[in-house]
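When you get a sec, could you build the whole thing from the sequences and use the hints?
Protein chains in written order, with this note's numbering: chain A, 1 to 316; chain B, 1 to 433; chain C, 1 to 363.
Any given hint could turn out to be false.
What the hints assert, rightly or not - Within a straight-line C-alpha distance of at most 30 Å, the following computed DSS-like cross-link-like pairs (lysine-lysine) qualify:
1) C:Lys100 x C:Lys140
2) A:Lys192 x B:Lys170
3) C:Lys98 x C:Lys136
4) B:Lys285 x B:Lys272
5) A:Lys199 x B:Lys170
6) C:Lys98 x C:Lys140
7) A:Lys192 x B:Lys221
The set of hints was computed from the structure by calculation and includes no laboratory data.
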Amino acid sequence: MRKFLSTIWSTKGLARWILLVGVVITVVFVAFAIFAPWIAPFDFNQTRDAAGVKFPKLQSPSGTHWLGTNDQFFDIFSRVVWGARTALEVVVISVLVAGVIGVPLGLVSGFIGGWIDRLLVFVMDALYTIPSLLLAIIFAFLLRDALGGSIMAVALALAAIYVPQYYRVVRSTTVSAREATYVEAARAIGAKPTTIMRKYLFGNVVQSVPVLGTLNAADALGTLAALGFLGLGIQPTEASEWGYDLSRALDDAQAGVWWPALWPGLAIILLITALTLVGEGLNETLNPALRRRRLLPVRFPSKATPTDPEMAEAAK
Amino acid sequence: MPTKHESVLHESVLDVDDLAVHFQLQGGALSRLLGLKARSVKAVDGVTLTLHRGEVLGLVGESGSGKTTLGRALLGLVPTTGGSITYHGRERGDRLVSEMRGAELRRLRTDLQMVFQDPHAALNPSMTIEEAVGHPLVIHGIASGDELRQRVSAALERVGLAPVERFLGKYPSDLSGGQKQRAVIARAIILDPEVLVADEPVSMLDMSVRAKILQLMLDLKNDLGLTYVYITHDLATAKYFCDRIAIMYLGRVVEIGATDEIFANPRHPYTKALLKAIPEPDPEKQVPRDLPRGEIPDAAVPPLGCAFHPRCPEAIAGCGWESRDLRALLEEHWTRRVEAYDDEVALIGDLDSLDTPSTTAKLGSGGSGEVRALLDRIRAENPDEPLWKGVTDIEPASNGVEVHFQPAGSPALRRAGGVEVACILYPEGAPDP
Amino acid sequence: MNSPTVDLIDGQVTEPGAPGGPVLEVRDLRVWYGTERGPVRAVDGVSFDLAEGEILGVVGESGCGKSTLGRGLIGLLPDGSNRDGTLRFQGTDMLALKPKEQHAMRGRDLGMIFQEPLTRLNPLMRISEHFSETLKTHDKSISKAEIERRSLESLRVMGIPPTRFHAYPHEFSGGMRQRLMIALTLVLRPAFVVADEPTTALDVLVEAQIIRILHDLRANYRTALLLITHNLGIVAEACDRVAVMYAGEIVEIGDAREVFARPQHPYTRELLRSTISLSTTGLNYIDGAPPDLVEPPPGCHFHPRCPDAMKICASRHPITRVHPGGSLASCWAADAREGLLADVPVVELEPLPREEIAVADEA
Numbered sequence: 001m002r003k004f005l006s007t008i009w010s011t012k013g014l015a016r017w018i019l020l021v022g023v024v025i026t027v028v029f030v031a032f033a034i035f036a037p038w039i040a041p042f043d044f045n046q047t048r049d050a051a052g053v054k055f056p057k058l059q060s061p062s063g064t065h066w067l068g069t070n071d072q073f074f075d076i077f078s079r080v081v082w083g084a085r086t087a088l089e090v091v092v093i094s095v096l097v098a099g100v101i102g103v104p105l106g107l108v109s110g111f112i113g114g115w116i117d118r119l120l121v122f123v124m125d126a127l128y129t130i131p132s133l134l135l136a137i138i139f140a141f142l143l144r145d146a147l148g149g150s151i152m153a154v155a156l157a158l159a160a161i162y163v164p165q166y167y168r169v170v171r172s173t174t175v176s177a178r179e180a181t182y183v184e185a186a187r188a189i190g191a192k193p194t195t196i197m198r199k200y201l202f203g204n205v206v207q208s209v210p211v212l213g214t215l216n217a218a219d220a221l222g223t224l225a226a227l228g229f230l231g232l233g234i235q236p237t238e239a240s241e242w243g244y245d246l247s248r249a250l251d252d253a254q255a256g257v258w259w260p261a262l263w264p265g266l267a268i269i270l271l272i273t274a275l276t277l278v279g280e281g282l283n284e285t286l287n288p289a290l291r292r293r294r295l296l297p298v299r300f301p302s303k304a305t306p307t308d309p310e311m312a313e314a315a316k
Numbered sequence: 001m002p003t004k005h006e007s008v009l010h011e012s013v014l015d016v017d018d019l020a021v022h023f024q025l026q027g028g029a030l031s032r033l034l035g036l037k038a039r040s041v042k043a044v045d046g047v048t049l050t051l052h053r054g055e056v057l058g059l060v061g062e063s064g065s066g067k068t069t070l071g072r073a074l075l076g077l078v079p080t081t082g083g084s085i086t087y088h089g090r091e092r093g094d095r096l097v098s099e100m101r102g103a104e105l106r107r108l109r110t111d112l113q114m115v116f117q118d119p120h121a122a123l124n125p126s127m128t129i130e131e132a133v134g135h136p137l138v139i140h141g142i143a144s145g146d147e148l149r150q151r152v153s154a155a156l157e158r159v160g161l162a163p164v165e166r167f168l169g170k171y172p173s174d175l176s177g178g179q180k181q182r183a184v185i186a187r188a189i190i191l192d193p194e195v196l197v198a199d200e201p202v203s204m205l206d207m208s209v210r211a212k213i214l215q216l217m218l219d220l221k222n223d224l225g226l227t228y229v230y231i232t233h234d235l236a237t238a239k240y241f242c243d244r245i246a247i248m249y250l251g252r253v254v255e256i257g258a259t260d261e262i263f264a265n266p267r268h269p270y271t272k273a274l275l276k277a278i279p280e281p282d283p284e285k286q287v288p289r290d291l292p293r294g295e296i297p298d299a300a301v302p303p304l305g306c307a308f309h310p311r312c313p314e315a316i317a318g319c320g321w322e323s324r325d326l327r328a329l330l331e332e333h334w335t336r337r338v339e340a341y342d343d344e345v346a347l348i349g350d351l352d353s354l355d356t357p358s359t360t361a362k363l364g365s366g367g368s369g370e371v372r373a374l375l376d377r378i379r380a381e382n383p384d385e386p387l388w389k390g391v392t393d394i395e396p397a398s399n400g401v402e403v404h405f406q407p408a409g410s411p412a413l414r415r416a417g418g419v420e421v422a423c424i425l426y427p428e429g430a431p432d433p
Numbered sequence: 001m002n003s004p005t006v007d008l009i010d011g012q013v014t015e016p017g018a019p020g021g022p023v024l025e026v027r028d029l030r031v032w033y034g035t036e037r038g039p040v041r042a043v044d045g046v047s048f049d050l051a052e053g054e055i056l057g058v059v060g061e062s063g064c065g066k067s068t069l070g071r072g073l074i075g076l077l078p079d080g081s082n083r084d085g086t087l088r089f090q091g092t093d094m095l096a097l098k099p100k101e102q103h104a105m106r107g108r109d110l111g112m113i114f115q116e117p118l119t120r121l122n123p124l125m126r127i128s129e130h131f132s133e134t135l136k137t138h139d140k141s142i143s144k145a146e147i148e149r150r151s152l153e154s155l156r157v158m159g160i161p162p163t164r165f166h167a168y169p170h171e172f173s174g175g176m177r178q179r180l181m182i183a184l185t186l187v188l189r190p191a192f193v194v195a196d197e198p199t200t201a202l203d204v205l206v207e208a209q210i211i212r213i214l215h216d217l218r219a220n221y222r223t224a225l226l227l228i229t230h231n232l233g234i235v236a237e238a239c240d241r242v243a244v245m246y247a248g249e250i251v252e253i254g255d256a257r258e259v260f261a262r263p264q265h266p267y268t269r270e271l272l273r274s275t276i277s278l279s280t281t282g283l284n285y286i287d288g289a290p291p292d293l294v295e296p297p298p299g300c301h302f303h304p305r306c307p308d309a310m311k312i313c314a315s316r317h318p319i320t321r322v323h324p325g326g327s328l329a330s331c332w333a334a335d336a337r338e339g340l341l342a343d344v345p346v347v348e349l350e351p352l353p354r355e356e357i358a359v360a361d362e363a
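Below you can see the structure in the form of structure tokens.
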């Protein structure tokens with residue numbers, strides 16, 4: 001971890017800027033998510049003010065409703081802020097769950113090999129070939145009965161898409177790390193297979209996971225919005241979700257009512273971009289194949305060479 | 001200086017009896033689909049030797065000789081396919097390493113330990129030196145907390161990584177090659193083992209540190225009463241370091257005996273060749289000219305007879321000459337006479353049929369007389385070529401000739417003088433030349 | 001089936017030991033790498049000549065600039081490095097050439113043999129295709145028959161049978177691949193070749209075969225060879241002259257036999273003593289490790305590890321001088337032995353109190 005942070009800190013050039021811009025935008029959204037109750041003037045499903053007066057429908061931006069209201073009488077600014085919380089909850093849960101399932105599976109499969117490995121490779125490859133949105137729709141459908149249109153249901157549906165990715169990355173690094181001398185050395189000191197996986201392989205094969213995680217987070221956000229857009233995501237009564245709001249707003253946008261579509265759309269684009277930037281930045285920093293040595297020009301100081309008459313003669 | 005021989009008690013620690021380690025090679029996808037038999041490589045094939053308590057036994061050979069596989073088999077790191085390894089432990093008595101599995105095998109590692117060739121690869125890059133060196137104690141539940149720390153510090157000090165505080169928190173990548181190898185050695189001795197298998201422990205190190213690490217290993221041996229198996233391709237360090245040496249070639253021991261005797265009076269032609277090939281920093285020594293040709297052959301299809309015969313400068317009729325040697329002879333002839341290649345290869349025809357090992361080689365498609373004449377010409381070019389000694393008959397067959405070779409078995413280790421040699425030149429009961 | 005006798009090509013009769021003028025003239029060559037801590041002085045003021053058909057061995061511990069020198073001479077340097085000084089190849093000032101002109105000379109005039117041959121061969125190309133591509137790069141009009149003639153000739157000298165001409169790299173054993181690499185380098189007849197640890201990955205017997213091939217190159221190609229190795233035995237057997245490098249400088253250079261028999265520089269002596277050979281009767285080693293080349297020690301770079309160090313060694317860089325026997329060395333102690341330091345104050349010649357070197361401070 002110490003090494004990890006120091007590598008990031010020592011990043012230079014373009015990678016540093018990519019990382020910095022990504023992190024700053026992400027931090028803003030994270031702040032939205034954490035402090036939503038204090039930042040947002042209203043609740044995400046609030047349609048009346050404290051006095052019980054219903055909000056106007058599709059009202060343009062004003063002093064009370066900074067970004068206006070939408071066709072469901074919701075305050076758009078509050079929806080966007082609360083939406084950040086939903087988005088981050090879904091992203092964090094889905095990436096964590098995918099990692100928690102995918103990483104150990106990949107590790108065990110790659111280390112033990114044999115029929116377990118072959119079976120898992122088959123299943124994961126099969127999952128991987130299905131387009132991710134389609135897969136998310138299928139899982140969202142399947143989970144709907146059990147969990148309804150909740151955040152957890154969508155997060156798990158998304159996690160299912162990403163498990164094969166973690167599995168594949170970790171398995172392939174495990175397969176090559178398994179042959180490393182330090183693994184043989186661990187066997188030679190009498191380590192059990194579980195100890196070898198835990199203490200010798202895990203730390204070395206998870207290094208590509210943070211990069212994958214941030215890239216998946218960006219992808220998860222897009223898929224979440226797409227599910228919401230298709231009406232298969234989180235129900236509006238459960239939480240505020242940008243994709244759903246965007247889909248509701250599209251018809252009105254054609255009629256010249258632009259504000260309900262603009263803000264959730266912008267939020268989606270900004271956060272996806274930011275997370276992608278963090279992922280790319282981390283990749284540049286952590287991936288040794290991409291990391292370029294910073295080149296510095298070499299200037300030679302004029303050197304007073306001790307001239308020895310014999311030397312030039314004898315060098316021949 | 002090591003106290004050669006003085007410390008060698010003739011009490012055995014490890015007995016290896018007719019040991020075989022064969023690996024199944026994964027065939028191609030097609031052959032697996034068709035269920036064809038996978039090829040097997042005989043990495044170690046019928047090795048018998050004894051490791052005496054307190055000695056340094058050298059396993060010397062080129063890559064592919066099976067020396068590393070044998071060393072790993074001693075610790076049970078590779079499954080054996082035949083024969084046995086018996087460990088005569090000081091505390092727990094005689095045990096068969098070759099039949100141990102699981103927990104029993106892991107417990108064995110408190111008595112038998114290993115030092116690896118590449119110190120950088122042998123340490124987990126994400127473990128500090130303190131964790132890495134102390135891990136054997138943690139794994140076997142021997143020490144924890146303060147005691148663990150003390151023992152790690154003691155081991156590091158023992159191998160010269162002092163002041164210890166400077167190294168405890170370091171990662172392998174922060175250390176130099178020599179320092180890493182010291183850490184690997186510390187990890188190996190922390191369990192207080194009886195036997196240390198050292199697989200080329202200095203060959204990856206800079207020459208200025210090699211002697212230091214060897215000196216450390218000698219000191220440890222004397223202070224801790226260790227027994228070493230020293231695996232190397234370098235006869236010079238083996239000469240200095242070992243009490244006895246086993247020369248290996250293609251999975252077999254071809255010569256074994258006391259170091260002094262082997263160096264003073266090498267018997268096997270392979271041993272002689274190795275000795276001659278070592279580049280010596282002696283200004284008077286010239287580039288050696290009469291070295292064995294070729295390289296160590298494929299262990300999946302070893303040569304018939306003695307495995308060394310195709311390269312042997314002293315080979316005679318009964319060494320196991322065969323069809324593949326004839327192919328090599330033709331290729332060497334064409335290497336020398338490139339201009340004749342096109343015409344002659346047409347005369348000889350298909351060469352690939354010679355690749356199946358056999359004492360009968362059929363070749364030629366341009367008429368028996370012409371092929372025979374070509375072989376005679378090649379023979380006349382170099383009449384001393386030992387292959388011809390093994391030819392019993394050349395007879396016409398269809399459009400070419402059939403060359404018959406004298407069949408031969410693989411020579412067994414036999415006593416010759418003070419050592420044991422596996423070579424037809426040293427038959428049973430023969431007086432030592 | 002003896003190894004092919006080495007024949008002379010095209011009737012060119014060259015007698016080893018009677019070389020012509022210098023192929024390479026190196027004067028005060030510096031090759032530095034830029035880093036954030038400052039320039040790494042990997043090669044810092046190296047001078048020597050190399051004659052036609054001559055083999056110069058370069059030895060030293062790792063991190064002393066051997067490989068950088070080899071690459072610097074043929075211009076195969078990574079980005080971020082720079083060369084300075086004089087480097088004349090057959091009279092041409094190499095450092096004044098444009099990158100494109102330098103590139104054109106590589107292969108044709110300047111060759112390089114690497115340690116790991118397999119990584120330098122394209123696994124999807126037959127050997128014949130490798131040769132044809134190499135030859136065509138430098139002569140577009142070359143005929144197919146000519147390609148085959150020259151390739152087979154080159155293979156013959158390396159002892160590779162013509163039956164293997166159309167094989168793929170993976171069908172060759174390690175030693176064969178290295179010969180193949182040498183054959184590919186030499187098919188263009190470069191006048192100067194750098195061989196960087198060409199036998200380190202090979203077994204003893206194969207190593208000896210390759211060393212013999214390199215040793216015989218002068219008879220076949222009149223190539224000047226710079227042989228970089230950590231193995232002093234190889235130098236003793238195959239080289240005419242030897243250069244000992246320490247911390248980016250050549251500390252001693254001279255006739256190989258002379259240097260091995262009467263080393264002038266303590267580093268050469270200690271390096272020879274620490275080499276384990278068949279005649280070794282006791283273990284010797286050099287304490288400490290080669291210095292950081294960003295900030296090498298002042299004075300003689302070797303002084304912190306040198307058993308003969310005097311006070312002057314820690315402050316003044318030694319002068320390169322010819323010593324009896326003809327070797328060139330830069331060492332105050334060697335000068336003092338010959339009575340050359342009469343005008344240096346006696347206090348400067350007192351032994352340098354050595355700083356304690358910890359056991360584990362090593363390479």
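Hints breached by this structure | When the structure is compared with the hints, none of them turns out to be violated.
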